[in-house]
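J.: Chain by chain, the residues:
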Amino acid sequence: MKKVVAVILLSVIVIALVAAVVFLYNPPKPNFQPNLNGNISAGGNYSGSGSYNQSYRPRYSGGSYGG
Amino acid sequence: MVADNLKKYGPTILRFGIAITLLWFGFSQIKNPNMWVGLIPKFVQVLGSPVMIIYLNGTFEVLLATLLCLGLFTRIASALLVLHLFSIVTFSLGYGAVAVRDFGLMISSLAIFFNGADDFSIDYIISEKKRKGNKRGG
Numbered sequence: 000m001k002k003v004v005a006v007i008l009l010s011v012i013v014i015a016l017v018a019a020v021v022f023l024y025n026p027p028k029p030n031f032q033p034n035l036n037g038n039i040s041a042g043g044n045y046s047g048s049g050s051y052n053q054s055y056r057p058r059y060s061g062g063s064y065g066g
Numbered sequence: 000m001v002a003d004n005l006k007k008y009g010p011t012i013l014r015f016g017i018a019i020t021l022l023w024f025g026f027s028q029i030k031n032p033n034m035w036v037g038l039i040p041k042f043v044q045v046l047g048s049p050v051m052i053i054y055l056n057g058t059f060e061v062l063l064a065t066l067l068c069l070g071l072f073t074r075i076a077s078a079l080l081v082l083h084l085f086s087i088v089t090f091s092l093g094y095g096a097v098a099v100r101d102f103g104l105m106i107s108s109l110a111i112f113f114n115g116a117d118d119f120s121i122d123y124i125i126s127e128k129k130r131k132g133n134k135r136g137g
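As you go down the protein sequences, you meet chains A and B in turn.
Residues in the first sequence are numbered consecutively from 0, following numbering that gives the first Met the number 0.
Residues in the second sequence are numbered consecutively from 0, following numbering that gives the first Met the number 0.
Since the hints were derived computationally from the structure, they do not count as laboratory data.
Just so we're clear, the structure is a prediction, and the values are computed from it rather than from any experiment.
Certain hints may be false.
[What the hints assert, rightly or not] Label-pair distances were calculated between CB atoms; the ranges are:
id	chain 1	residue 1	chain 2	residue 2	range
1	B	A110	A	A5	20 to 26 Å
2	B	G132	A	L23	33 to 39 Å
3	B	S48	A	K2	40 to 46 Å
4	A	V4	B	K131	38 to 44 Å
[As the list claims (entries may be wrong)] Taking lysine-lysine pairs in the BS3-like style, the calculated list, with each CA pair at most 30 Å apart, reads:
id	chain 1	residue 1	chain 2	residue 2
5	B	K6	A	K2
6	A	K1	B	K134
7	B	K131	B	K7
8	A	K2	B	K41
9	B	K7	B	K129
[What the hints assert, rightly or not] Here are some of the chain B residues that sit facing chain A, going by a computed Cβ distance under 10 Å:
id	residue
10	G70
11	I121
12	K128
C-beta atoms are modelled at their ideal positions from N, C-alpha and C, and glycine is treated no differently.
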């Protein structure tokens, strides 16, 4: 019985540790889409935070396009 | 010999290593399913919403990893994991570094399946208890 309790305790600790690592820290983004070139692009351009940086927003200048 | 004493820990370390890896992937899918949607093959997407499929896949992986950690239904859990990884390697990833890594995980899971219950698994503890009970009874 003691052994079973020990195994359960160890498992709970391991599961809780992994869950804490995943949910508390942002893991590196698995940007490994399958592609035909055989190249792996780890990391890529994923911003992670999901926030939108307004400074990169293209602005309408107000002038004419001269079409 | 010290090396011989270490031998019995090998299968347990392998089981926990695979379980931890699987837990990481499972929890990551539950935490941020959108990140994983691109890996779902098109023919699976007809089954339902891709996000829901990722949630189910993540939950399935966490469940398998929990069974592996406990050493409960070790053979069944590792057999399911082998099939699961085989389908990922074959239908989802295509040839590449990630597929080769998952192939390694699949072979490691196959080793767990062949080994069955190790000395520190609940399966083994229960079977030992039964064996001792039968000895006393018979």
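J.: Hint numbers the structure violates, sorted upward?
T.: 2, 4, 8
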